[in-house]
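These are the residues of each chain, in order.
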Amino acid sequence: MVSPPLIYVLLMLAFPMGAIILFSFWTQEFMTLDTTFTLANYREIWEKPIFAALLQRSLFVSGCVTLVTVILAFPVAYFVSFHVAPERKSLWLFLITIPFWTSYLIRVFLWKVILGYNGVVNTGLIKIGLIDEPLTFILYNVNAVIITLAHAFAPFAILPIFVALEKIDRSLLEASQDLGESKFTTFFRVTLPLAMPGVVAAVLIVFIPTIGDYVTPELMGGAGGKLVANMIQTQFLALNNAPLGAALAIVAMICVTAISLLFVFLNRRWLRGRS
Amino acid sequence: MTLRIYAIAYLVFLYAPIILLPLFAFNDATIIAFPLSGFTTEWFQQLMTTQALHRAAQNSLFIAVLTALLSTILGVCAARAGAMYDFPLKRGILGLVMIPLVLPEIIVAVSLLVVAVQIFDVGLSNWTVIAAHVLICTPFSIAILNGAFQNLDPAMEEAAMDLGESRWSAFRLVTLPLVMPGIIASMLIAFTISLDEFIIAFFLTGANPTMPVYIWGLLRFPASLPVVMALGTILVALSIALLTCAELLRRRGMARVGLKDKGGFI
Amino acid sequence: MTGLIQLNGVNKYYGDYHALRDIDLTINEGEFFSLLGPSGCGKTTLLRTIAGFEGVSGGVVMIGGRDMAGVPANQRPTNMVFQSYAIFPHLTVAENVAFGLRKRPDIDKSTAVDAALDMVGLSGFGHRVAHALSGGQRQRVALARALILKPQVLLLDEPLSALDKKMREQMQVELMRLQRHIGITFILVTHDQEEALVMSDRIAVMFDGKIGQMDDPETLYRRPKTRLVAEFIGKMNFLDAMVKDADITVDVQGLGTCVIAPEQAPSGVTLGAGAVGIRPETLAILFDGETTDRETIQGTVAEVVYYGDMTYYDVTIAGIATPLNIAMKNLIGRPVLDVGDATTVVWDARSLVLLPAAA
Ligand SMILES: Nc1ncnc2c1ncn2[C@@H]1O[C@H](COP(=O)(O)OP(=O)(O)OP(=O)(O)O)[C@@H](O)[C@H]1O
Ligand SMILES: [Mg+2]
Chain A
-5 MVSPPLIYVL LMLAFPMGAI ILFSFWTQEF MTLDTTFTLA NYREIWEKPI FAALLQRSLF
55 VSGCVTLVTV ILAFPVAYFV SFHVAPERKS LWLFLITIPF WTSYLIRVFL WKVILGYNGV
115 VNTGLIKIGL IDEPLTFILY NVNAVIITLA HAFAPFAILP IFVALEKIDR SLLEASQDLG
175 ESKFTTFFRV TLPLAMPGVV AAVLIVFIPT IGDYVTPELM GGAGGKLVAN MIQTQFLALN
235 NAPLGAALAI VAMICVTAIS LLFVFLNRRW LRGRS
Chain B
2 MTLRIYAIAY LVFLYAPIIL LPLFAFNDAT IIAFPLSGFT TEWFQQLMTT QALHRAAQNS
62 LFIAVLTALL STILGVCAAR AGAMYDFPLK RGILGLVMIP LVLPEIIVAV SLLVVAVQIF
122 DVGLSNWTVI AAHVLICTPF SIAILNGAFQ NLDPAMEEAA MDLGESRWSA FRLVTLPLVM
182 PGIIASMLIA FTISLDEFII AFFLTGANPT MPVYIWGLLR FPASLPVVMA LGTILVALSI
242 ALLTCAELLR RRGMARVGLK DKGGFI
Chain C
3 MTGLIQLNGV NKYYGDYHAL RDIDLTINEG EFFSLLGPSG CGKTTLLRTI AGFEGVSGGV
63 VMIGGRDMAG VPANQRPTNM VFQSYAIFPH LTVAENVAFG LRKRPDIDKS TAVDAALDMV
123 GLSGFGHRVA HALSGGQRQR VALARALILK PQVLLLDEPL SALDKKMREQ MQVELMRLQR
183 HIGITFILVT HDQEEALVMS DRIAVMFDGK IGQMDDPETL YRRPKTRLVA EFIGKMNFLD
243 AMVKDADITV DVQGLGTCVI APEQAPSGVT LGAGAVGIRP ETLAILFDGE TTDRETIQGT
303 VAEVVYYGDM TYYDVTIAGI ATPLNIAMKN LIGRPVLDVG DATTVVWDAR SLVLLPAAA
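Just so you know, the protein sequences line up as chains A, B and C, in that order. Residue numbers for the first sequence, in my numbering: -5 to 269. Residue numbers for the second sequence, in my numbering: 2 to 267. Residue numbers for the third sequence, in my numbering: 3 to 361.
Hints listed in this document are in silico derivations from the structure and should not be mistaken for laboratory results. By construction, the Cβ of each residue, glycine as well, lies at the ideal position given by its N, Cα and C atoms. Take the hints with a grain of salt, since some may be wrong.
What the hints assert, rightly or not - Sample of chain A residues with no beta-carbon within 10 Å of chain B, all distances over it, derived:
(1) 17
(2) 36
(3) 90
(4) 164
(5) 182
(6) 204
As the list claims (entries may be wrong) - Quick list of simulated restraints, FRET-style, between CB atoms:
(7) A:38 x B:23: 28 to 34 Å
(8) B:90 x C:220: 49 to 55 Å
(9) B:120 x C:74: 43 to 49 Å
(10) B:120 x A:254: 54 to 60 Å
(11) A:173 x C:309: 32 to 38 Å
Claimed, not checked - Residues from chain B shown here face chain A by an in silico Cβ test under 7 Å; the list is partial:
(12) 4
(13) 29
(14) 30
(15) 33
(16) 78
(17) 94
(18) 96
(19) 103
(20) 105
(21) 107
(22) 112
(23) 113
(24) 199
Bound-form chain A, shown alone:
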């Protein structure tokens, strides 16, 4: 029963992954592919500072987006799980997920309208007299990229945290208060540790995919806000240097995976250290 999806995933995922790894050890000159094994692509990435800079910025942006998204999302998940009547929970979840399913491109573009020089934020703030000149640090730079991505990945962060919170047996909280903890300390000694699996899932599910987004940096990032995904895209589609693009994609994946594993590991240590 499970074999059709398994075969499909192997065929469409594992096999292409293998191909792209193989590819990253080849080289390409215009249209001709040289299939001799070489580390030239990786050497180029290592040596040219632009790649390191892009990668660093990408990881920084992904990290910021993750932090912002998860911190903003947690109270919402908490609110829906603990303070919304059971029969209205699914309505809230539905409202939270809806924007996520609607035209991604256009949503990103509209952030440009909101944050732009003549955008909603600036005209609004000028009208109420808080500022005299339009703010410029909110468009065509890394900040704009972070805001937009944090918006795009919000439901991804809320849902796993919500699920983890829902699983918490409410009598545990009462037990904690019965044993002398206040509501506040109960949150830190019981609720938060039990919600941790959801937070970890949220972090991974936001952090990993954001590395692969090139639309937001392209539209919102301006000249200084381009990320590694833009470079991969350029190598593949504009410069016709697929092997270098492949190597770059692999390096990016390795970085992201390494950081994710480190995070999971540290989190485990922390949870175990407390008990």
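Chains B and C with the ligands: place on chain A using the hints.
Coordinates of chains B and C with the ligands only, in the frame set by chain A:
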């Protein structure tokens, strides 16, 4: 109370871009900025007459329908296996099929591009996009269908067989009606994802662009932006309608088998 | 006489796990047969091999003289009441009951459904939605649904375990009445010894995939063949004993020497070390003013557990390692003793059962 205010503010943040969409779609100005100048339906009329757009829409529909069907079929297989059978490496295998959910889309895009163009030399077409979309939609289908299948007592099919039905007719008479709302919800979600997906489609689309790729092209020309707003309004309205259907169906399905609703899909 | 159902040397493996070991079993027509055993001993597995949901790894399953190898569940003359009832939630009660009639155009649907619902006491419930029923009602629907096809054998997998105590006792009686009324073979799986004793004509006690003993309830209770069976069904005191000769003269620890009848040694007689079992209710405490012509022995009350209608005493007796457990009816005039009271214990050699020595 503060938590409630915060949650509502958060919803406003989530909906901010979408609320702007119809404002500019009906705004009688070619630049997308405040203040608004007047009401017009001109941008919608332009949509009606743009041939390239119609072709892109047709492509996207074709891709989305096939993606919805295929990923739901795969999702049914995986969810059923996960809910009803034990087999070696079960957790590992079910985890593996969910991987595309967390994989950066650009990785999926470039690896399939390399395979399609450089290795098999099949050329890019709607089919390459479908292949990739099925890959990324299947985890969503599985997640939705898991909910439907896990509520299902495995003894149910056995009871039907015990009463004289064959394996297939037991599935058709008992399981299928019970998971049908989940199946339709899965198709609607996969359809919506595919219709909206850009990052992968941009790499894998053939000579005929999909709708998002077409929109991406329009975004470069300031003159065409109001038309994009109009198109976006239609797409958002369509998505919301589809998702509402999916949600209502999911709830009907729960109510039908007498289950308490525990949350949204996924 | 060959039975309706016959299992010869049935074995079942799940991977390396040996779930059924050499099961030999004969179940007669019209019999109420129970499979009793602790959780995980393989009762459900055995039932499912009879129903056809599990193939056997070795051995033969015969129903009505026909080898069932390769015969799928939907072609066997058995029907099943599932532990979870497996009531189809998208169908009404009547549709559930009529489910099996789809391929039986020879049977008139509405009369058959009415008759089946009537039989289980659910007349007039046909139009109800299945998921809005109570536990007891679901149970009845499951019964009606399984019986409508007039199977030769009805298989019931812990059908009463989901019900509360009152409901369970009521359904026990109803099931027995139903079985007598329609006269077909019932095979009941249960881990509740009382339920098995009350309902069955015969019981097979299972441990670890093996049948430990197969007998009618009384024999099973009074003449268990092993300590395991004796312990699983009811309470039993065990005393070390020496078998002196083939006439079954037994020297029982603390009680002295006595002679027992051959039927009191259901597992046979082996000279040398053995054990005897005594049920708590076959022992008695001699209260003030009561007399007896049976054997007596002195002891001290070590523990008192009061149950209302009964009191259970643990009485320490010189020469016996563990105190004897004694069940006494709280008849008029009988006081409840206190811990430390000296008492006289009455026993009778006819209530002993000889068992193999403790392992
Ligand atoms: N499909 C299976 N795969 C592997 N092992 C199984 C399977 N079904 C049952 N088992 C194992 O076989 C043993 C017997 O299971 P079975 O369900 O027959 O027990 P049971 O006597 O009915 O117990 P219970 O009273 O808990 O229902 C158990 O240890 C169980 O774990
Ligand atoms: Mg069982």
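Structure-based check of each hint:
no., hint, result
1, 17, "violated (5 Å)"
2, 36, "holds (16 Å)"
3, 90, "violated (7 Å)"
4, 164, "holds (14 Å)"
5, 182, "holds (16 Å)"
6, 204, "violated (8 Å)"
7, A:38 x B:23: 28 to 34 Å, "violated (48 Å)"
8, B:90 x C:220: 49 to 55 Å, "holds (51 Å)"
9, B:120 x C:74: 43 to 49 Å, "holds (45 Å)"
10, B:120 x A:254: 54 to 60 Å, "violated (29 Å)"
11, A:173 x C:309: 32 to 38 Å, "holds (36 Å)"
12, 4, "holds (5 Å)"
13, 29, "violated (16 Å)"
14, 30, "violated (12 Å)"
15, 33, "holds (5 Å)"
16, 78, "holds (5 Å)"
17, 94, "holds (6 Å)"
18, 96, "violated (11 Å)"
19, 103, "holds (5 Å)"
20, 105, "holds (2 Å)"
21, 107, "holds (4 Å)"
22, 112, "holds (4 Å)"
23, 113, "holds (5 Å)"
24, 199, "holds (5 Å)"
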